[in-house]
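Trainee: Protein chains in written order, with numbering that gives the first Met the number 0: chain D, 0 to 289; chain F, 0 to 289.
Heads up, a few of these hints could be off.
You can't tell identical chains apart in this list, so a pair holds if it fits in one copy or across any two.
[Said to hold, decoys possible] Calculated lysine-lysine pairs in the PhoX-like style (CA-CA distance at most 20 Å, straight line):
#: 1; residue 1: 203; residue 2: 182
#: 2; residue 1: 143; residue 2: 216
#: 3; residue 1: 143; residue 2: 262
#: 4; residue 1: 260; residue 2: 231
#: 5; residue 1: 119; residue 2: 258
#: 6; residue 1: 23; residue 2: 63
#: 7; residue 1: 182; residue 2: 119
#: 8; residue 1: 25; residue 2: 63
#: 9; residue 1: 203; residue 2: 260
#: 10; residue 1: 22; residue 2: 63
Read the hints as simulated data drawn from the structure, not as lab findings.
2 protein chains.
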Amino acid sequence: MLGEKVKYTLQSDYDHSEVRFLKKNKRVGMLMDELLQNPCRLYESRHFCEKYGIAKSSLSEDIKLINDILQENGSGCVESIQGAGGGIRYIPGISAERIRRLQEGLIEALSDTTRMLGGKYLYTSDIMFNGQFIADMARTFAQKFHSLGADYVVTVETKGIGIAAQTAYMLGLPLVVIRREAKYSEGSTVSINYFSGSTERIQKMSIAKRAVEPGRKAIIIDDFMRGGGSLKGIQDILGEFDVETVGIGVAIEAGFPEKKKVKDYVSILIIDEIDEENHVISVRPNETII
Amino acid sequence: MLGEKVKYTLQSDYDHSEVRFLKKNKRVGMLMDELLQNPCRLYESRHFCEKYGIAKSSLSEDIKLINDILQENGSGCVESIQGAGGGIRYIPGISAERIRRLQEGLIEALSDTTRMLGGKYLYTSDIMFNGQFIADMARTFAQKFHSLGADYVVTVETKGIGIAAQTAYMLGLPLVVIRREAKYSEGSTVSINYFSGSTERIQKMSIAKRAVEPGRKAIIIDDFMRGGGSLKGIQDILGEFDVETVGIGVAIEAGFPEKKKVKDYVSILIIDEIDEENHVISVRPNETII
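The task is simple: from the sequences and hints, build the whole structure.
Mentor: Encoded structure:
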């Protein structure tokens, strides 16, 4: 797939010999920095043994320590896969405690009634493009979806792109952005029309033919779901390429309507009511994501 | 500004007492993980001294070690600001060696002539949404712009959003996304028309009134610049709010036309020619960014 075509990997920045025989705490730090910067990338043990001039046994000790550090910080874990084709990789995660804090932060921001735009619309662009919110939402989705064997993270422009891009990075996967209008710069595209509950209009979405390959798997990430029409649309347009949707994550889910056009999705927050008359926005955390 | 309204900070996930008297190498790792996850966030020394039950002197030792690790890995540095209002923060960076590798990776990907769409257009969406490319381009821009005292990172939808969002995260700043069409969900907006050299058409862009505050400073990040019309447009629309542009970063700059509508921009790559007849795409690294 194209994602592979453009994949390039971060190698060490210096002659290996320079960093041999480092003191343990410095070595552990350098190892951790490299792992954290390459989420879900599988490294052969040899890579680190040669780079730091250490035996497999010392590497195992270092990895165990890094794993303890990450788990204690609620930042994920280091997975060691034994045997041929095995290796070491960092899997981003987030603790239940940190998800709760994320939810509290989002709820505080969303409860600001000056966000009300009328027609039960809320201004949320600043939230969806806030770096710290994005980072922790992406960690939450990555923790949930890392084991699904997906090949892409997919979203539709515009407000979900920040979260989707960070989730793709955390999962080490390419991001595919579906456009509203077929753009010349996308080359030949496939388009579909779908009914959007939020806007109560027929809407269009369009995907570049070369963006995905048949038979692959996708995780869909979006900022908001009301009826699920646009998520269903993404599923359908991916289906046109025989790409299977294996997971759906949305930042905010509307409690209304109760019946959604997609199932098996996870959300971080649920908005139960936007009461414009009494200036109340009722938001609650989705407990099931913790 | 709104960015502040929605800011929430990552605190420690556990009772401080639990982590007192940690072995040094574990403590350093936990400290480093927290710093790396909160780029450009200023921490009071007290925060870490209390969290790990250590004296300022041991903290300084730990910080020095972390700084050595990051510098050796070409991942940035830890800045210690003395005195009142001072503290410790992680400033993301990238080594010259890694920028070169980024440029090589991008050039290899861009030289694929199947990207040619005609009319000197190239398909680049897969590159602009590739997580590893995004991460290192964002590091490059963050290293370049972190000291400009900007309040926002600004981009215009769609293909630059991934890079801009990651740059904003690295700088600890909110991202503002300018839309092509005024969307209802943006609330009241200000729109301008501008001449786009790439499309040779009058185009429109639109920004939410509540997205920025007068008197602030912005860094503009975009995926591609030909004549600079759209960047000029962003500068102008920000100017409508008395927001000053203090830096401009683009992933790819076209060598043609030589005269651009904006100055003082940095680019990572320069495309000199897209020769459709002979199937050649001439791309070179921009040496001045290193």
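Trainee: Decide, hint by hint, whether the structure agrees.
Mentor: A quick look at each hint next to the structure:
no. : hint       : verdict
1   : 203 to 182 : both (12 Å within a copy, 15 Å between copies)
2   : 143 to 216 : within (15 Å within a copy, 37 Å between copies)
3   : 143 to 262 : within (16 Å within a copy, 44 Å between copies)
4   : 260 to 231 : within (6 Å within a copy, 42 Å between copies)
5   : 119 to 258 : within (18 Å within a copy, 47 Å between copies)
6   : 23 to 63   : both (13 Å within a copy, 15 Å between copies)
7   : 182 to 119 : between (31 Å within a copy, 15 Å between copies)
8   : 25 to 63   : both (15 Å within a copy, 11 Å between copies)
9   : 203 to 260 : within (17 Å within a copy, 34 Å between copies)
10  : 22 to 63   : both (17 Å within a copy, 14 Å between copies)
When each numbered hint is compared with the structure, no violation occurs for any of them.
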